[in-house]
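Under full-length UniProt numbering, the very last position in the sequence shown is 180; numbers go up by exactly one each time.
Hints listed in this document are in silico derivations from the structure and should not be mistaken for laboratory results.
Take these hints with a grain of salt, some might be off.
Simulated crosslink set (BS3-like; lysine-lysine; CA at most 30 Å straight-line) [as the list claims (entries may be wrong)]:
#, residue 1, residue 2
1, K160, K179
2, K85, K160
3, K85, K179
4, K101, K116
5, K179, K161
6, K101, K85
7, K39, K160
Predicted model, so just to flag it, every value in this text is computed and none were measured.
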Amino acid sequence: MASETLLQNMNGWLREEFFQNNIYSDGSVPPFLIADLGKDPQGRNRFLRVLPLYQEALGILQKAPNELGPLVSLDFSSELPFLCKPEAAKDLASLLFFINKEIQLSGFSFDEAEGKILFRHINYCPEKGIDHRLTIGITGLILLYMDLYSQAIEEIASGKKTFNEAMEELVHAAKQVLKQ
Numbered sequence: 001m002a003s004e005t006l007l008q009n010m011n012g013w014l015r016e017e018f019f020q021n022n023i024y025s026d027g028s029v030p031p032f033l034i035a036d037l038g039k040d041p042q043g044r045n046r047f048l049r050v051l052p053l054y055q056e057a058l059g060i061l062q063k064a065p066n067e068l069g070p071l072v073s074l075d076f077s078s079e080l081p082f083l084c085k086p087e088a089a090k091d092l093a094s095l096l097f098f099i100n101k102e103i104q105l106s107g108f109s110f111d112e113a114e115g116k117i118l119f120r121h122i123n124y125c126p127e128k129g130i131d132h133r134l135t136i137g138i139t140g141l142i143l144l145y146m147d148l149y150s151q152a153i154e155e156i157a158s159g160k161k162t163f164n165e166a167m168e169e170l171v172h173a174a175k176q177v178l179k180q
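Hey, can you work out the whole structure from these sequences and the hints?
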């Protein structure tokens with residue numbers, strides 16, 4: 001199955017779940033899909049990019065008989081709809097490290113040069129293992145993590161709070177829960 005066919009399938013599955021999507025394929029870069037994830041609580045648009053890449057470079061693994069088809073890496077990434085102020089970069093890096101310790105496999109990343117914050121999930125699987133459940137499950141997981149952590153990330157990225165202030169609030173909240 002070619003990348004375009006795989007993207008068409010994923011496009012259909014996401015549309016079934018009421019996501020608006022577009023596939024981009026101009027020949028200069030590998031084809032990819034952009035899904036509209038809706039607006040965040042502040043009314044800003046959020047998007048998810050899905051880039052399937054066939055793993056031809058794995059050599060011997062690709063030569064082994066595999067009834068499920070070739071291996072594909074699915075690169076799901078979503079840029080958060082705000083930037084980090086340069087003076088908040090150190091605190092933001094500390095927060096993202098703290099959050100990423102709790103998230104298995106995926107995570108937030110920070111492009112310090114441009115101030116961009118991303119959530120990225122890479123999934124390696126056989127081509128025939130890519131289905132509706134996988135596509136919607138990963139998309140939902142990304143939305144969950146973005147909804148859970150975006151507010152705290154933005155407060156630190158904007159300089160409204162430091163990492164230490166955020167951790168003090170977390171400890172205070174945890175103590176309140178333990179008292180109950």
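Each hint, compared with the structure:
1. K160 - K179: Holds, at about 29 Å.
2. K85 - K160: This hinted pair holds, its Cα atoms lying about 10 Å apart.
3. K85 - K179: 37 Å, violated
4. K101 - K116: Answer holds: K101 to K116 is near 20 Å, not above 30 Å.
5. K179 - K161: 26 Å, holds
6. K101 - K85: 23 Å, holds
7. K39 - K160: OK: K39 and K160 at ~22 Å, within 30 Å.
Going down the numbered hints, you'll see the structure goes against just number 3.
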